[in-house]
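Novice: Here the protein sequences line up with chains A and R, keeping their order. Counting from 1, position 248 in the first sequence corresponds to residue 248 in the UniProt record's numbering; the numbering is continuous, with no gaps. Counting from 1, position 273 in the second sequence corresponds to residue 273 in the UniProt record's numbering; the numbering is continuous, with no gaps.
One or more of the hints may lead you astray.
[Claimed, not checked] In silico SDA-like pairs for lysine to any residue, Cα to Cα no more than 20 Å straight-line:
id : chain 1 : residue 1 : chain 2 : residue 2
1  : A       : K36       : A       : K112
2  : A       : K28       : A       : R219
3  : A       : K82       : R       : W471
4  : A       : K112      : R       : W471
5  : A       : K82       : R       : T454
6  : A       : K28       : A       : F237
7  : R       : K339      : R       : R327
8  : A       : K36       : A       : F158
9  : A       : K82       : R       : R472
10 : R       : K319      : R       : T308
11 : R       : K319      : R       : D87
12 : A       : K28       : A       : N235
13 : A       : K28       : A       : T62
14 : A       : K82       : R       : Y455
15 : A       : K112      : R       : F470
16 : R       : K394      : R       : R418
17 : A       : K112      : R       : R472
18 : A       : K123      : A       : E133
19 : A       : K336      : A       : R219
20 : A       : K82       : R       : F470
21 : A       : K115      : R       : R472
22 : A       : K82       : R       : W467
23 : A       : K112      : R       : W467
24 : R       : K394      : R       : L419
25 : A       : K345      : A       : G318
None of these hints come from the bench; they were simulated from the model.
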Amino acid sequence: MANDLSSDAFVEFERVQKSYDGENLVVKDLNLTMPKGEFLTMLGPSGSGKTTCLMMLAGFETATHGEIKLDGISINNIPPHKRGIGMVFQNYALFPHMTIAENLSFPLEVRKIGKSDREAKVKRALDMVQMGEFGGRRPAQLSGGQQQRVALARALVFEPELVLMDEPLGALDKQLREHMQFEITNLAHDLGITTVYVTHDQTEALTMSDRVAVFNDGRIQQLAPPDALYEEPENSFVAQFIGENNTLLGTIKEISGETCLVQLDDGEVIDARPVNVSKVGERTLISIRPERVEIDTDRLGPNAHTIPAEVLEFIYMGDIFRTRLRVAGRDDFIIKTRNSQDQRKLKPGEQIRIGWMPRDCRALDA
Amino acid sequence: MSTASSGPTAADESAPVLAADGTPLKKSLRRALRAQKLRALGLIAPLLIFVLVAFIAPIGDMLFRSVENRIVSNTIPLTARVMDEWDGQSDEPPAPTFEALYYDLFLSAEARRHTRLGTRLNYEQTGLSSLFRSSGRGVDDIGETHVETIEDLDDRWEDGGFWHALMTGEGPRADDLLLDQRARLAALSSSSYNGDIGFEPGEQIADLLPTTAREYTAFALFTAIEEGDIVVEEEPWEAVYVALAQDLRSADLSGYQGPQADALRAAQEAVTALPPIDFRAGFAELDEGWISPDVWETINMYSPDYTTGYFLNAVDMQKTPDGAEFRPDNERLYGILFKRTMFMSLAITLSCVMLGYPVAWLLANLPMRSANLLMILVLLPFWTSLLVRTSAWKIMLQQQGVINDTLVWLGIVNDASRLVMINNQLGTIIAMTHILLPFMILPMYSVMSTIPQTYVRAAKSLGATNWTAFWRVYFPQSVPGIGAGSILVFILAIGYYITPEIVGGTTGTFISNRIAYHISSSLNWGLAAALGTILFAVVLILYWAYDRIVGIDNVKLG
Ligand SMILES: Nc1ncnc2c1ncn2[C@@H]1O[C@H](COP(=O)(O)OP(=O)(O)OP(=O)(O)O)[C@@H](O)[C@H]1O
Ligand SMILES: [Mg+2]
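Put together the whole structure using the sequences plus the hints.
Specialist: And the structure:
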């Protein structure tokens with residue numbers, strides 16, 4: 001957690017709650033602190049309250065409870081247009097009746113910036129996103145990717161310190177999206193802007209962000225840098241939501257510091273690393289990443305755990321092979337193997353042994 | 001790519017692109033689309049036919065009446081033809097005009113058509129209606145002595161069979177004469193004059209006595225077809241005797257050997273002994289109006305088949321021998337009415353925009369449930385009769401009405417000086433604004449509901465205040481809705497009839513009320529058509545101007 005950064009916190013959510021209808025809390029007890037210059041991504045399933053958080057920060061929704069601070073000042077009662085926050089909307093929201101240049105000069109005009117200054121800034125912002133020659137066009141005359149760049153330039157042209165982006169790449173095709181991900185992160189870092197980015201594409205979240213906040217059910221489930229999020233999920237939701245994940249259900253038999261013994265539902269007992277389990281007898285969900293499972297058990301270290309498995313399905317995916325197995329009574333166990341020269345190609349029906357290191361096997365809440 | 005048809009390359013761009021079977025692509029595309037088009041046409045055919053038959057054709061006919069003026073040449077064709085040669089400089093047309101007028105008036109009086117012409121010409125000059133009516137009654141007095149002289153000469157002249165034999169004669173038939181007269185009567189009475197009449201004029205007698213043959217043929221047609229009598233049994237009417245008297249004055253009977261040659265020669269002798277018939281004096285005796293230059297000027301001006309008279313009238317002008325000029329100030333009416341219609345429609349449109357815009361905005365931005373309720377309120381007027389709503393306004397606005405009573409009760413207005421809000425322009429504007437408001441709100445709403453909230457949010461996030469965000473971002477995008485609503489309301493307003501009729505009094509009526517008056521009361525359909533055509537043209541011009549300025553494709557009605 002970034003609580004130790006609170007001294008130089010730039011954006012702060014303090015115990016923020018939000019309800020639209022007075023019956024359901026859409027955001028429940030949100031606490032978040034962002035230092036200046038950070039690129040933070042909000043990731044989560046649809047309806048988890050990401051946009052709502054962003055809208056509260058931008059000032060279009062008011063928090064039902066709690067406080068939002070910007071640079072140490074509470075902004076609960078500051079209207080949106082005085083917050084000075086740049087925003088990129090999911091469908092870009094470029095004004096259709098203005099040209100690109102007019103769109104960009106709009107925030108400068110309302111700030112009463114002089115004409116020559118304005119033109120220089122618009123030109124600089126357009127050049128920054130390589131859209132210099134499109135100033136005279138209307139938004140409808142641009143492709144999706146071009147509109148996206150313009151929207152970005154417009155959000156940046158008045159030099160805000162904080163930029164919010166709500167699924168800005170949602171409408172683009174894969175290739176363009178990857179390219180724009182790269183450009184956005186570069187720009188944000190070059191300009192030193194603090195960015196809150198919303199997406200429900202986890203690859204996007206992992207590749208772009210300094211830290212990712214995983215949302216579910218109106219709460220932040222985990223707030224961590226991408227690698228920690230992937231490798232050390234703190235609860236079963238994060239483990240299942242981020243990346244591919246194998247789960248086995250069991251009960252804690254024994255717990256001692258960094259290790260625990262878990263009895264799986266089919267009777268097998270395995271070692272695991274306790275994460276958010278504490279009591280013996282508690283139900284637990286074991287999480288193992290597919291790429292940490294080995295079919296060549298000889299290659300594992302001495303205290304590896306092995307278990308029998310039956311091959312159900314073998315899927316060729318080019319760079320990797322994806323194999324579905326029946327393990328400990330569950331037949332959705334996936335393993336991934338690299339398509340290397342000597343890799344074994346398993347056949348459905350084959351009986352094999354698989355294994356993993358106990359440290360890769362995390363016992364989470366069920 | 002197949003080897004048979006090489007695809008178009010940059011080199012042979014000019015050559016037509018061929019489809020797989022070798023026909024030009026354009027042609028085969030057209031063929032493929034034709035079936036589709038025919039099917040589409042089939043689907044709209046019922047409506048198209050309905051609209052054509054029940055709407056466009058009658059309206060086209062109606063508009064045509066604004067220039068059509070064949071009533072003069074249909075009713076008094078001989079006169080009109082003779083007057084063609086008149087230069088209009090002298091006070092009166094040349095003498096033969098009066099003779100032609102005699103035959104025309106006689107026949108049209110028999111067919112009871114002369115009063116219609118009188119009514120028509122009365123639009124242009126008052127007094128002509130009664131002139132025609134009284135002259136139609138007295139026209140058979142002209143040439144009385146000659147008629148009596150011929151009749152007294154020989155009993156046979158009063159016998160239908162005698163006349164029939166004379167006019168039939170021997171030898172070839174004068175078919176052209178018969179056809180001409182059929183057409184003359186058909187035009188006069190606007191009904192068909194076909195069919196056998198038991199008489200065919202002879203060519204010999206038609207050459208010898210052309211006027212008599214003409215008038216007798218007309219008489220025969222009228223007798224047989226209009227009255228259903230047998231021509232042989234009927235004594236001709238006076239005009240035939242007059243024609244005979246005129247013909248005999250110059251006819252050379254020396255070589256005539258046909259039927260009744262002896263009677264003809266005797267009649268010629270008797271007629272030439274009398275002084276010639278003075279048609280001009282005869283008409284002057286009937287009515288002094290016939291020797292007034294004004295009357296002839298008017299008849300001459302309106303004798304062509306098409307006239308600009310109705311249109312001139314519709315813009316407060318009139319025809320004079322020196323061209324068109326404005327009527328005197330106290331006779332002008334339509335210019336004021338057109339201006340008033342425009343001005344009031346504009347006022348109504350503006351107040352609809354003012355009142356409708358906020359409502360449309362609410363409709364587009366309120367949560368579903370409240371928006372639906374509001375929508376019902378907006379549509380409510382559609383579910384009550386127009387007449388009921390207008391009458392309700394009458395009750396609300398009149399001096400002893402609800403609003404005045406309330407104001408007096410509140411002490412805002414003195415009982416003695418109650419506000420006049422009805423039977424004037426204010427009343428019409430209030431009532432019509434209310435009635436046309438939904439037509440403004442609905443198009444605005446449909447445009448506004450397509451403007452996502454994110455635009456305003458984006459504007460605010462960029463630093464715009466509520467007002468700037470509205471004015472610079474929301475409003476421009478809602479302009480097509482305002483345009484669509486305004487054009488709809490304005491066009492509806494300038495043609496509105498019922499409401500101004502009921503609450504407009506004399507100062508709050510529209511041009512349409514005048515059109516209705518001419519259609520149903522004064523029966524001056526030509527003027528009504530001219531006014532309607534001008535109104536129609538104004539709408540088209542407005543539409544065109546709007547298209548140039550805003551663009552019709554920006555208009556969304558839903
Ligand atoms: N204006 C609103 N009125 C009422 N409920 C709303 C409103 N906006 C959002 N909600 C509800 O709040 C919850 C969270 O919505 P939000 O838009 O924040 O989700 P999200 O995480 O952005 O989802 P997505 O990934 O689909 O964009 C949802 O259950 C949604 O139905
Ligand atoms: Mg969202």
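Novice: Taking the hints in turn, state whether each one holds.
Specialist: Evaluated hints:
With a C-alpha separation of about 27 Å, the suggested pair K36 of chain A and K112 of chain A falls outside the 20 Å cut-off, and the hint is violated. For the given pair, K28 of chain A sits about 6 Å from R219 of chain A by alpha-carbon distance, which is consistent with the 20 Å threshold. Taking the CA atoms of K82 of chain A and W471 of chain R, the gap is about 18 Å. The hint holds against a cut of 20 Å. Restraint check: the Cα-Cα separation between K112 of chain A and W471 of chain R comes to about 16 Å, which is no more than 20 Å; the hinted pair holds.
At most 20 Å may separate the alpha-carbon atoms for a hinted pair to count; K82 of chain A and T454 of chain R meet this at roughly 17 Å. Note on K28 of chain A and F237 of chain A: the hinted pairing holds, with a Cα-Cα distance of about 17 Å set against a maximum of 20 Å. At most 20 Å may separate the alpha-carbon atoms for a hinted pair to count; K339 of chain R and R327 of chain R meet this at roughly 17 Å. As the CA atoms of K36 of chain A and F158 of chain A are separated by approximately 18 Å, the hinted pair is consistent with the 20 Å bound.
Distance restraint check for K82 of chain A and R472 of chain R: the Cα-Cα separation of roughly 18 Å lies within the 20 Å cut-off, and the hinted pair is therefore satisfied. For the given pair, K319 of chain R sits about 9 Å from T308 of chain R by alpha-carbon distance, which is consistent with the 20 Å threshold. Between K319 of chain R and D87 of chain R the alpha-carbon distance is near 16 Å, which keeps this suggested pair within the 20 Å criterion. A distance of roughly 18 Å separates the Cα atoms of K28 of chain A and N235 of chain A; the hinted pair therefore holds under the 20 Å criterion.
Restraint check for K28 of chain A and T62 of chain A: satisfied, since their Cα atoms lie roughly 14 Å apart, inside the 20 Å limit. A C-alpha spacing of about 17 Å is found between K82 of chain A and Y455 of chain R, which places the hinted pair at or below 20 Å, so the restraint holds. A hinted pair counts as satisfied when its Cα atoms are at most 20 Å apart, and K112 of chain A with F470 of chain R qualifies at roughly 18 Å. For the hint linking K394 of chain R to R418 of chain R, the alpha-carbon distance of about 15 Å falls within 20 Å, and the restraint holds.
Distance hint between K112 of chain A and R472 of chain R is fulfilled; the C-alpha atoms sit about 15 Å from each other, no more than 20 Å. Only pairs whose Cα atoms come within 20 Å are accepted, and K123 of chain A paired with E133 of chain A is accepted, the gap being roughly 9 Å. A hinted pair counts as satisfied when its Cα atoms are at most 20 Å apart, and K336 of chain A with R219 of chain A does not qualify at roughly 32 Å. Restraint check: the Cα-Cα separation between K82 of chain A and F470 of chain R comes to about 16 Å, which is no more than 20 Å; the hinted pair holds.
Straight-line distance between C-alpha atoms of K115 of chain A and R472 of chain R comes to about 18 Å, which keeps the hinted pair within the 20 Å bound. Among the hinted pairs, K82 of chain A with W467 of chain R is consistent with the structure: their alpha-carbon atoms are about 14 Å apart, no more than 20 Å. About 15 Å separates the Cα atoms of K112 of chain A and W467 of chain R, which keeps this hinted pair within 20 Å; it holds. With a C-alpha separation of about 13 Å, the suggested pair K394 of chain R and L419 of chain R falls inside the 20 Å cut-off, and the hint holds.
Proximity of K345 of chain A to G318 of chain A is assessed by CA-CA distance (about 13 Å); at most 20 Å being required, the pair is judged to hold.
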